[in-house]
Amino acid sequence: MEPKISCENIREAIENLPMLSPNVSRLLQVLSDEDYELDDVVNIVKYDAVLTAKVLKIVNSPVFGLLNPVTSLERAISYLGKWIVVSIILSDNTGDLFSQPLEGYEGQQNALWRHDLFAAFSCSEVARLAKQSFETELAFTAGLLHDIGKFVFAPFWKQAAPEALKRIAEGSITDYLAAERALAGMDHAQIGYEMAKHWEFPQPLQQAILYHHTPQNAPEEYRALAFAAHIGDMCAMMAGCDTGNDGMQYPLDNGYAEYFDVTSNSLAQILMEAEAQFKKAISSLSFEEEVD
Amino acid sequence: MSDIILGIGDYGASKTPGSMVKTYALGSCVAVTMYDPGLRVAGMVHVALPESKLNPAKGADCPGYFADLGVPLLFEEMVRMGCQRKGRGLIVKMLGGASVMAGNDTFNIGKRNVLAVKKVLWSLGMGPTAEDVGANHSRTVSLYVDTGLVTVSCPGRGQWQI
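In the order they appear, the protein sequences are chains D and R. The first sequence begins at 53 in my numbering and counts up one residue at a time. The second sequence begins at 4 in my numbering and counts up one residue at a time.
Okay, chain D solo, but in the shape it has when bound:
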């Protein structure tokens, strides 16, 4: 089948992406270090006056209902939890990467952010169920970044998406990822990987993005992280936090069982915990938007 979309144009769009802010690059490097500490995250925020003000504004917002105002950054971060702070840094320093409507996917404004945030909290919960030693700290970030490829791909995908859905419905293409490959010559995971390389993300994150739908194909050292991103992605879709017309249109890779002890009950607990944290994060972050 001849692809309808030019891979060259997609690659050009990736090349033309602006570089990431130094804050994000530093944050991703810090999170990839197995021995990082909360202080390392504090240090990123500390030297950015705008970011510091935002973190303090959020912790003192009605969402958290604190009796006494928090004025110390360390206390604020320890109160909010590092994942909300990581989310603030990423959402605040990546332009419209997560907020732009996803045209080809018919995803509303902020759909990618909501999906990625739910997936990220799910990934952290999945990480707790690891059967072998595993860098649990990276799971949240892998969940948050796994679908960035859709940002670049969505405008191109607009022309082919209706045909993709038609072919999946009639059974001539098995799933959405296969449809992207057939009709565009690339899928959003590969595009996300190219973006991650362009932005020089740490290697484990690049690999988790590339293999989040095909974790079994990931190199052994990154496979558990790719499976965590895969399960987190599935959880977000099951919870209704999808990115549009591709919701639940990807197959589950059962190979997760080798790496994570996910049962019916633990999956339910993952969904409950992720939803609770997601709600808290969305309330805090939207409060921050309102006051700006």
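Hints listed in this document are in silico derivations from the structure and should not be mistaken for laboratory results. Ideal placement from N, C-alpha and C gives every residue a C-beta, glycine not left out. Take the hints with a grain of salt, since some may be wrong.
As the list claims (entries may be wrong) - Among chain R residues calculated to face chain D with C-beta under 8 Å, some are:
#, residue
1, Tyr27
2, Asn58
3, Phe110
4, His140
What the hints assert, rightly or not - With a straight-line Cα cutoff of 25 Å, these simulated BS3-like cross-link-like pairs (lysine-lysine) come out:
#, chain 1, residue 1, chain 2, residue 2
5, D, Lys332, R, Lys56
6, D, Lys331, R, Lys56
7, D, Lys332, D, Lys109
8, R, Lys25, D, Lys332
Since the structure of chain D is provided, determine the placement of chain R on it from the hints.
What follows is chain R alone, placed relative to chain D:
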């Protein structure tokens, strides 16, 4: 507008003319709608998991999250708004419960939700008169107070009625 928008685990009913009860993107969650055509009372619950024994604390905090607590609570709310206690005349519908592709039993929460909802409805002496459940797509559901019409929509698949 006095539309009621339900999030995960919410339930609610309305008899305000011209309004609707709506919930977005069900995924594997299930929405149960109840409508009394005589009184024009419309209610809905958005349940996420089958049984509150999975997490009793969450059940106490947000009973609508679980089928075993949420569906009876919706019925109570309908009664509070004037519907008959025996549920006579209520039109009950069920939507959602989708599954990921190639999902195994562990991941088939959608199916477990659908079965749990049916079980609870039966225990209340009710059954759905129409359902749009399963498959691999998420659903946004609206129930209109004036007509009892239930519309379903999904990105890329348009809108339909059940």
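| task | Against the earlier hints, flag every one the structure doesn't satisfy and list their numbers going up. | result | none
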